[in-house]
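Novice: Sequence:
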Amino acid sequence: MKKIVLATLGTALVLSASSCNKDILDENPTSVLTPAFLQTAQGVEAGVTGVYSGLRQVYGNDAATFTTEAGTDLWTTGISASSGLADYNTNDLTPAGDASHSFVWTSCYQKINAANGVLQYGPNAQGLTPTRLTQLLAEAKLLRAQYYFVLAQDFGDVPLYTNFIDSPTKDISRSPLADVYTQILKDLTESLATIADKPAQPGRVTRATALHLLAKVYLTRATSTAKQATDYQLAAQYAKELIDNQSRYGLGLEADPATVFAEGNENGKEVIFNAQFNNDATFTGLDGFNYVSGENVLNFQYRSRYDKLPNMARDVNNGRPFARHVVTPFLENSYILRDASGTALESGTALRTTDTRYSKWFTTVYYVNSNSPNANGGSTKAVIGDTAAWYPGRDLTAAQLARIASRTPYPYIVIQPSQYTTEYF
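The opening position of the sequence shown corresponds to residue 71 in this note's numbering, with each subsequent residue numbered one higher.
FYI, nobody ran anything at the bench for these hints, they're computed from the structure. There could be a bad hint or two in this list.
[Claimed, not checked] Straight-line alpha carbon distances no greater than 25 angstroms define the calculated BS3-like cross-link-like pairs of lysine-lysine that follow:
#	residue 1	residue 2
1	Lys297	Lys256
2	Lys339	Lys268
3	Lys378	Lys430
4	Lys286	Lys310
5	Lys339	Lys451
6	Lys286	Lys268
[Said to hold, decoys possible] Quick list of the computed label-pair ranges, beta carbon to beta carbon:
#	residue 1	residue 2	range
7	Ser237	Lys297	32 to 42 angstroms
8	Gly412	Gly197	49 to 59 angstroms
9	Lys268	Ala111	36 to 46 angstroms
10	Glu333	Gln486	48 to 58 angstroms
11	Ala410	Gln303	16 to 26 angstroms
C-beta: ideal position from N, C-alpha, C; glycine also.
Turn these sequences into a full structure, and let the hints steer you where they fit.
Specialist: Here it is in structure tokens:
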């Protein structure tokens, strides 16, 4: 099997120092996860917190979206796609060949190793109640499964280890994808048996998270080379258990879809699993291009280049138009009302109007924020706050387009689905 150098030891760090005078340096590395520290209450708590912290690296920055979103049915390459996305076009997806994928690879293994340490040494910890210790171990096991799931989807066969590594090693080999999925499902199933129904604080994983991931992992494995005959059946079983017991887990659908992603509702009742961010620059940095910073730039990744539209300029309210990812027709068409056979029940001017999530989750109108003569060839007659561009989500009739074109004091831009580009979508 191909040998791979594990480039990081996760949160384990090997230090060596020598001196003839002990007064010069006498270290007690309590900030490092060591076997001894992981057998204390403080060590287990810190270890699990460390495992959670990796979610900020795997979700939220450029590297995260390049690795977890690109190449799916939902998103394709945008005009501003940079390191990472292009690799899907040249089959150059290797951790050594691209900084983005290498970063996600490294981040996952760092946190997997931290989870391994908690699970290997944590059961011997003193100072925690049995209930608390059981919960922390279940959380670590679930998160380890999640990190391996990311790796399995992105890289296929990957090194699989469940023991804590606290010294450098080159003796790492890829394990077959089937074995990786077996370990993922084992961790999730064992976690399911002991983890709490509801989170003790926002961001903590729960039994609902385990059910959701079990359904998702079985669905994903069903389309891989490791597929098993019962995968779809088991996916449906776990999904149904979650759906049928929403109230048990404190979950449910929001009455208004607009509130799902509303600021202030980041931990709403539709949230099963999320990564927590805050304003502390120590742990949530301010540079999304510096992957280690932990900044959340997801709100920029999917913005079209509105700043190039007439009478529009980049501003804070509309966000930074990175245009890294473009919505696919598959995702766009998922908001068309259909019957059980998949036949569309709406068309023409009614297309994508029944499902109100479309108009509430997608930006369909941009409003004039500049009437400067240099604002992308816009009109100096433009009124701040008036319509600058409309994305109707359907193709308009010739008569509708003519009415808009004759609008006074000036017309606005209409961008129909047939006119979408890697810049405008």
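Novice: Would you mind confirming whether the straight-line C-alpha gap from Lys339 to Lys268 stays at or under 25 angstroms?
Specialist: holds (11 angstroms)
Novice: Tell me if the straight-line CA distance from Lys286 to Lys310 falls inside 25 angstroms.
Specialist: holds (12 angstroms)
Novice: Tell me if the beta carbons of Ala410 and Gln303 are separated by a distance inside 16 to 26 angstroms.
Specialist: holds (20 angstroms)
Novice: Return holds or violated for the Cβ distance of Gly412 and Gly197 against the range 49 to 59 angstroms.
Specialist: Taking Cβ atoms as reference, Gly412 and Gly197 lie about 57 angstroms apart, which means the hint holds.
Novice: Assess, step by step, whether the Cα of Lys286 is no farther than 25 angstroms from the Cα of Lys268, and give holds or violated.
Specialist: holds (20 angstroms)
Novice: For the pair supplied as a hint, Lys339 and Lys451, is the alpha-carbon distance within the 25 angstroms limit?
Specialist: violated (45 angstroms)
Novice: With respect to the beta-carbon atoms only, verify the hint that Glu333 and Gln486 lie 48 to 58 angstroms apart.
Specialist: violated (30 angstroms)
Novice: Are the Cα positions of Lys297 and Lys256 separated by 25 angstroms at most?
Specialist: holds (16 angstroms)
Novice: Is it true that Lys268 and Ala111 lie within 36 to 46 angstroms of each other by Cβ?
Specialist: Hint violated: Cβ distance 23 angstroms, outside 36 to 46 angstroms.
Novice: Could you tell me whether the CB distance from Ser237 to Lys297 stays inside 32 to 42 angstroms?
Specialist: holds (37 angstroms)
Novice: Is Lys378 close enough to Lys430, meaning Cα to Cα at most 25 angstroms?
Specialist: holds (23 angstroms)
Hints 5, 9 and 10 from the earlier list are contradicted by this structure; the remaining hints agree with it.
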